[in-house]
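Student: The task is simple: from the sequences and hints, build the whole structure.
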Amino acid sequence: MLKSNLSLLVAFAILAAATSTTMAQTPSSGAGIDDSKSPKVGNGATPDFITVSQKQPVSEQPSFTQGESQSDVVTLFEWTGANPRTAKIAKIKSTDGRQWTVPARTHFQFAPKAFDLYNEANKVTPAGLADVDVNQIPVIDAGGDEVFTAYVFGDNYFEFYVNGKLLAVDPVPMTPFNSNVIRFKAQRPVTIGVMGVDWEERLGLGFEQFRGAPFHQGDAGLVAVIKNAAGETVSITDEPWKAQTFYVAPLKSPDCLVVDGSHRDSSKCSTEDVEDGTTWFAAHWPIPQNWAAADFKDHHWPNAVTFTNDFVGVNNKPAYTNFTDLFDAPDADAKFIWSSSLVHDNLVLMRTTIGK
1 MLKSNLSLLV AFAILAAATS TTMAQTPSSG AGIDDSKSPK VGNGATPDFI TVSQKQPVSE
61 QPSFTQGESQ SDVVTLFEWT GANPRTAKIA KIKSTDGRQW TVPARTHFQF APKAFDLYNE
121 ANKVTPAGLA DVDVNQIPVI DAGGDEVFTA YVFGDNYFEF YVNGKLLAVD PVPMTPFNSN
181 VIRFKAQRPV TIGVMGVDWE ERLGLGFEQF RGAPFHQGDA GLVAVIKNAA GETVSITDEP
241 WKAQTFYVAP LKSPDCLVVD GSHRDSSKCS TEDVEDGTTW FAAHWPIPQN WAAADFKDHH
301 WPNAVTFTND FVGVNNKPAY TNFTDLFDAP DADAKFIWSS SLVHDNLVLM RTTIGK
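For the sequence shown, our numbering begins at 1 and goes up steadily by one.
What the hints contain is simulated information worked out from the structure, not anything from laboratory work. It cannot be assumed that every hint is accurate.
[Said to hold, decoys possible] Quick list of in silico lysine-lysine cross-link-like pairs, DSSO-like style, CA-CA up to 30 angstroms: (1) Lys297 - Lys185; (2) Lys227 - Lys185; (3) Lys185 - Lys165; (4) Lys227 - Lys317.
Tutor: Set out below in C-alpha cells:
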C-alpha cells in the first residue's frame with residue numbers, strides 16, 4: 001500500500017503548492033512524459049513520444065498533480081447539439097517534475113477514425129443492425145487473412161489495436177454518445193488492445209460540468225463484440241479481459257488512494273459532486289511501451305471488472321439501445337468493462353486474446 005511513501009508524497013505536494021502558483025506548467029527539457037512511444041498508425045505518422053520500459057515495477061507509486069490545468073489547452077472536438085460538450089486536452093506538471101497530458105495523450109488528431117455504427121454528430125442514426133450494411137466498410141489489414149468485425153460502444157473515447165497496431169480511434173471524444181464498427185483481417189491468435197478514456201472538462205481534475213453541477217464526477221465503461229466472417233461471436237468484453245488504470249481522479253486527498261501490488265484502488269475516495277474542487281488531486285502512471293503488442297506481459301494486471309447496463313446508465317442512449325440484439329445477445333451477452341472504478345479511473349488500458 002502507499003502508507004509511508006504516500007505520506008511523503010502528500011507532504012511534498014503540500015510544500016510544492018505553497019511555493020508555486022500552479023503545477024500546470026510545461027516542464028524543462030528532460031522531464032518525464034506520461035505516454036510511451038506510439039506505434040505507427042494508418043497514415044504512417046509516429047508521434048515523438050518519450051518511452052518507458054514495459055519492465056516497470058509491478059507495484060509503482062503514482063505521480064500526483066493538484067489543481068486544474070491551464071497549460072497548452074487544445075480543443076479536439078466540439079459538439080453543439082443536445083448535451084453540448086467540448087473535448088479538450090491540456091498539459092499538467094506533477095510534483096516529481098513529470099509532464100502529463102490530461103485526460104490522455106491520444107491519436108485522435110491524426111489516426112483513422114472508426115466507422116459509425118451510430119453517430120448523431122455525423123447524422124448516422126440507424127434504427128438497428130439490420131439497417132447497417134457492414135460489408136460496405138473497408139477491411140483493415142492487421143496481418144493475416146481471417147476477417148473480423150468489431151462493434152464498440154465506449155463512454156467516452158476508445159482507441160482500438162490489433163497485435164500492437166493501432167487500427168482506428170473513436171471519432172467522438174466526449175459527446176454525443178456513439179458506437180462504431182471496425183473490420184480487420186488478422187491471423188490467430190489475435191491480441192486486442194483498447195485504450196479507454198473517460199473525458200473531463202475540468203482538465204487534470206477528473207471533473208465535468210453536468211446538470212448545473214460545476215464539479216461533477218462522471219463515469220465510464222466500454223462494451224465490445226467481435227465476430228468472424230461467418231457472423232459467429234468470437235470475443236465479448238467480460239471478466240477475463242485485463243484492465244489497468246493509469247490516471248485516477250478526482251481525489252480529495254491522495255491518502256484515499258491505495259496502491260497494493262498491481263491494484264490501484266480508489267474505493268475509499270469520494271464520488272460526490274462538490275461546489276469547488278479546484279484544489280483536488282490526481283494520480284498518474286506512465287503508459288508502458290508496446291502495451292498493446294501480442295508479447296506484452298499483462299499477467300500482473302487485474303482482470304476487468306464488469307458492470308450492468310443500469311449501473312453504467314445506457315438505457316437512454318440509442319447508440320447502444322438500438323443494438324441490444326448485438327450487445328446483449330442471449331448466447332453472447334457482452335458486459336460493460338473497466339478497471340475497478342467507473343468514476344475515478346479515467347485512462348484505462350484493456351487487453352484480451354482471441355485464440356486459435
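Student: Given the hint that Lys227 pairs with Lys317, test it: the Cα-Cα distance must not exceed 30 angstroms.
Tutor: 23 angstroms, holds
Student: Between the alpha carbons of Lys227 and Lys185, is the straight-line distance 30 angstroms or under?
Tutor: 12 angstroms, holds
Student: Need the status of pair Lys185, Lys165: alpha-carbon distance at most 30 angstroms?
Tutor: Distance ~12 angstroms between Lys185 and Lys165 Cα, so the pair holds.
Student: Regarding the pair Lys297 and Lys185, is the alpha-carbon distance no greater than 30 angstroms?
Tutor: 24 angstroms, holds
The structure agrees with every numbered hint stated previously.
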